[in-house]
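Hey, can you work out the whole structure from these sequences and the hints?
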Amino acid sequence: MVQIPYLSAYIAIVAFFIVVLARIVKWARMPMHLRWELYPVAHEARKADYGGSYLEESEWWNKPREVSLWGELKVMIPEILFLVALRENNPRLWLRSFPFHFGLYLITGCTLLMGVSGIAVSVSSSLLEGGFGAFLHYAIPILGTGGLCLGIIGAIGLLHQRLTNPDLKDFTTHADIFNLVFFLIIFGFAFATFALVDTDYSKITFFMQNLVTGNMLPLPGTGIDTILPAITVCGMSLLIIYIPLTHMSHFIGKYFAYHSIRWNDNPNLPGGKEEEKINELLKQPISWAALHIKADGRKNWVDVVTEIPKEDQK
Amino acid sequence: MKNPVEIEDMSKGEGPLVHIRPEDQIPLPPPFDKIEEEPPLKPLSEGAAKNYECLDDTVAVSIPKPESKEEEERLVNLFLSGLRKLFNEKDNWTFLQPLLISLEHCAKCQTCSDGCPIFEESGRNSLYRPTFRSEVLRRIYFKYIKKSSKWVHGDIDLNWKTVSRLIELAYRCNLCRRCAQTCPIGVDNGLLAREIRKIASQEMGIAADELHKNGSVLQTKVGSSTGMNSLVVKDNIEFIDEDTSEKTGIQVETPWDKEGADILLIHNAGEILAWPENPGAFAYLFNAAGLSWTLSSDLAAYDAINYGVWYDDIQFSRVALLHAQAAKKLKVKKIVLGECGHAHKALIVIADKVLTGDLNIPRESSMTVLQGIVRSGRIKFDKSRNDFPVTLHDPCNMVRLMGIVAPQREIIRAVVPGERFREMTPHGVHNYCCGGGSGFAIMSGHNFADWRHHLSGRRKFRQILDAFQDEPMDKDHPKYVCTPCSNCKGQIRDIIKYYDAWEKAGIYYGGLVELMVNAAADTKPGYIDWEWH
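Residue numbers (our numbering), protein chains in the order written: chain A, 342 to 655; chain B, 886 to 1418.
Possibly wrong hints are sitting among the right ones.
[Stated by the list, open to error] Output of the computed footprint for chain B on chain A, the stretches with three or more beta carbons under 8 Å from beta carbons of chain B:
hint, region
1, 375-383
2, 399-411
3, 445-458
4, 549-555
5, 614-624
Hints are computed from structural coordinates only; laboratory data are not their basis. Virtual Cβ for every residue (Gly too), placed ideally from N, Cα, C.
Listed below in structure tokens is the structure:
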């Protein structure tokens, strides 16, 4: 029985990475699409501030392109951390969504620090003495409790919005409600655990140290002292498995939405690598059935585009 | 509060789902601030309501009502078959990734709704939310293609009403993609509207006649959606040259089919018929600057329009190919697009992933060429000739979707006194659509023109009025809305006319090159004639 939380955590970590990886591979392997960028494009070195592009340059194809990674980071980091686009365009929802997301980040940070603590212990317990140990001692509960408080506040706020805002109601499905309630229950258990039986996060840190080192030792204490942390770990594990299976995996989709679509302004230059890919795509058979196309699943894109049906030529 | 329409209503009942009520709309700025004095939205004729599928107070696509249940069923199945192809890597490589990302990751937070001028100006009618049609498509996809649980993705019944209304609803979006710009995740509801149009056109053969039959089909058949063949267009340009020579006092001649020219200039042919002063101004400027340029009389090569960009990838590619072939034949160094936003976007950007090999001829905006003319100093400009209030409309395709923002402003600063120019709010890449985007500017069937004046074009008209609020609003104080896009110009013309804003407020409109020639010091003054055409 004492091994269940450990096993659930291992399964969750493996499942999370497999599903996330599968999703990344799915998006990355999609065929190249037609250009559909949207300005401002953050990597436009000197023009991003006002939304300009290299197409503002006369004979742009003869000039070197200035692509700024710093320009992208300047937009992406605040966007990931503070949900800037939501704050600018929907401040009312941001007041609920930001604490929820930032809470998740803090919980993730807390978990990673506990993992670091586990690695440090496995190397040498002396590593946790002194300043670094003190930092972990304070940072883990602060991040954990702060994250849970923000997460719970955010989830309640979002649930309230989903249930009461007429603009959202018609678009809200049972699953949307379930997702938020699920978060609330798991976060609630975690909060109760740290408020009642693990105020200094020593039990959960002990668990994480064992998880990292592969020692599935029982948690110290008996009864509720071990049951609540075990439920929290199992609940968190379920959440970790569940998130990437739902549309909440938008953290992956968002990367591709920005980098493959909104900011993808790569020109197709003669003889370039894009051209080769396009030529392959143009050879694929298509099957659109409308009379002005009459593709039969054998004609390819080039055939169809170059053969205008007779009735459209009359 | 219950919304006037809910998603599941799309498959229920007969007739329109919503009505536009003027009392729900926000009054315009003065002198048009009395909503009761606004022209009423013309009702849909009884014949149209009887013969075509209705969604709201208008009809855009004119989808005939099927004559039997079997016919309805056939059309619904055709829609489903098109939907499947939309998610097939071979049939829809062109937009599969953007489509799937938008379909799978929308959080339905409605942030995009506040960015949509049509939704806002409708009095926030839920039917016009950018998410509404997307959610209908999403539910159909997950229920009927993916066979997912309605518990997860919501429910909808698929019948002919759902399909026909969804197609009509795809034509209540300007495809300006302002909604996508505001989305925190990057979901693009404008793209989803276009993908619905694609199913209708590419699988079911249903599209607005103005875009397909009288648009891209006519263009690939005759050479231009205006119906002009090469003889007629040459004739018209000859007349324009004469007129421009007379107006400027300088002999202007447009070169045709000049092999080896540096530039193949392609105008939106609508300019040649509706605003001849625009191609005339281009001819004057290019000649005066000593550029090596030509027009082409090849099929479709004298009309830059590419309506496929709004509804059909195949038609889009056919037209783009004709443009590239003409340039290849003339061995020009580059193609330059005249003042037409969607033509810019179509040929310079979207066709970039269709044209390969010797058809991948460099393509450039006229804005940068004109900017080059200004910078070269080859033409002297006298700003005092443009001593009237000027504001600038940013065509979505050229600005938000291509990032061409600064050149037109640099040109205006060179030809208009600084204190006379004022920006709209917002402007640049955050602009509002003119209301004619996605083909609406050329769609006026039934009472659709009224719908676009009352809804899709209302925000732009509001912006124009706001931009001139510090000026006396009468005809004695003429004001110029500089609109470097043919479709936008058509829409702005229509809305000025609809509200009689030239007579009542002195609001006039025109292109960028007209402003330039009006300020060209070597020409006779008065290129802009301030006469309503």
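Taking the hints in turn, this is what the structure says about them:
| no. | hint | result |
| --- | --- | --- |
| 1 | 375-383 | holds (count 8) |
| 2 | 399-411 | holds (count 4) |
| 3 | 445-458 | violated (count 0) |
| 4 | 549-555 | violated (count 0) |
| 5 | 614-624 | holds (count 6) |
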